[in-house]
Amino acid sequence: METLTSDPNVQGALRVEVAVELAVELAVEVAKGDGRVARRERSRAAVLDAVVDLFDAGNTEPAVEDVSNLSGVSSRSIYRYFHHRDELVRAAMWHLKARIELHMLLADIGMGSLDERIDSFVKHRLSMFTVLAPITRAARRSAHSLDLSSEEFGAGQLVLRQQFLDHFALELSTLSGQALTRAVVAAELAFQFDSFEFLHTSLEENIDEMGDLLGRQLRIHLGGLR
Amino acid sequence: MTPELMEPAPAESRTDGRIGRRLRNHDAVLEAAIKMFSEGEVIPAVDDVAKRAAVSSRSVYRYFPTRDELIRAALERWLLQQAPYLVAQPPIEGDRLTRVEYFCGQRLALYFRFAPLARVGLVLGETDPLVREIFESGRDSLREQFAAQFATELGLLAHRDWVMAMTAATLPLQFHLFEYMHVGCGFDATQMHELIVEHLHLHLSAL
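Protein chains in written order, with this note's numbering: chain A, 605 to 830; chain B, 542 to 748.
There could be a bad hint or two in this list.
[Claimed, not checked] Reference listing, derived: stretches of chain B covered by chain A, where coverage requires no fewer than 3 residues with Cβ under 8 Å from a Cβ of chain A:
id, stretch
1, 700-709
2, 719-730
3, 738-744
[Claimed, not checked] Some but not every residue of chain B turned toward chain A, in silico, with C-beta under 7 Å:
id, residue
4, Gly-635
5, Thr-639
6, Leu-712
Source of the hints: derived by calculation from the structure; they are not laboratory data. A virtual CB, placed ideally from N, CA and C, is assigned to each residue, including glycine.
Bound conformation, chain A alone:
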């Protein structure tokens, strides 16, 4: 099976081939003036959907053939859109981010008693984790060299932090400056993806126990603030 290559020679050869193909395509496009750009966008999205689905199914090293079969886009076109593996994985992570953002919305922000808000917060983050864990694991394994967490996912983390600040604004309003930063970091430690992974393993994948533990953590950290 053909895997996306990172061999510079093969890449070089592919690039030349792609350049020729693009030139021909451009000439045809100019001549015909049809919707090739739109079709290209659709195929590109189909390819990325397929990669994300393969990640989701636990396939960390998707072969071009698999991606092609699943997306219905030819291997040749896949190579045309993405010159090498890193580029495809990176693009797939962006694509995944769009999916994650759908799950990021937390209903009833700031509503209810502290206990109710802790419960809704924990429930929301746990459901995000259950939905996104397999995909995130696979993408990370396959993209560990790309340092994705810092750049692409910085924005997502900011959204999640803001959610935390808004949901517990009442308790956090007593703090400012360094004390606020410290309280937020302390409370958020348990809610990092790797912390969830740690809890998941330590508690033998028992999601209810994870919820109990996370709720208790938040109660200990936020309970003393007001």
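Position chain B relative to chain A; hints supplied.
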């Protein structure tokens, strides 16, 4: 005695010299890789390691046919060199806060010494079961040290509660959270110490 026998065997001495140089270069390559790890380069490029060691890339590939083999050999050597610092400290006596402060100080010192090594190990561990095993057994012994130091607090719990309490209390001592605090949030050693001491103390007191 004939003159030939008095002379050192030329072929042999040449071989000796070559083997000697080969060993020196081999060591220089590994040491260069280790230096680059500790400067923050997680998986350095073979050409860069060669340049740093003042050895040709060709020779490096002769010693280590792939980059993975080079990185793994350097990581193993580094682990051996650092092994003395990994010896477990015996638990200390004292009230809870004293023990918590001491223990957190130990863990932070360990983090600042081993962070570059752990970063390399985590990346390699994704594909190398042996490396993963080494790090997992390290994690287990760290857990045991924790349990020994806080036996007073943990000792009376039933099994499932014990697991929950251990998990909750040791959470902020995990490598990824040290990284999150230090690299992600820009906390220095003092701020990290304050935060984990507070966390640990709260959780142990809640038992």
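Status of the hints after comparison with the structure:
{"no.": "1", "hint": "700-709", "result": "holds (count 5)"}
{"no.": "2", "hint": "719-730", "result": "holds (count 4)"}
{"no.": "3", "hint": "738-744", "result": "holds (count 4)"}
{"no.": "4", "hint": "Gly-635", "result": "violated (23 Å)"}
{"no.": "5", "hint": "Thr-639", "result": "violated (21 Å)"}
{"no.": "6", "hint": "Leu-712", "result": "holds (6 Å)"}
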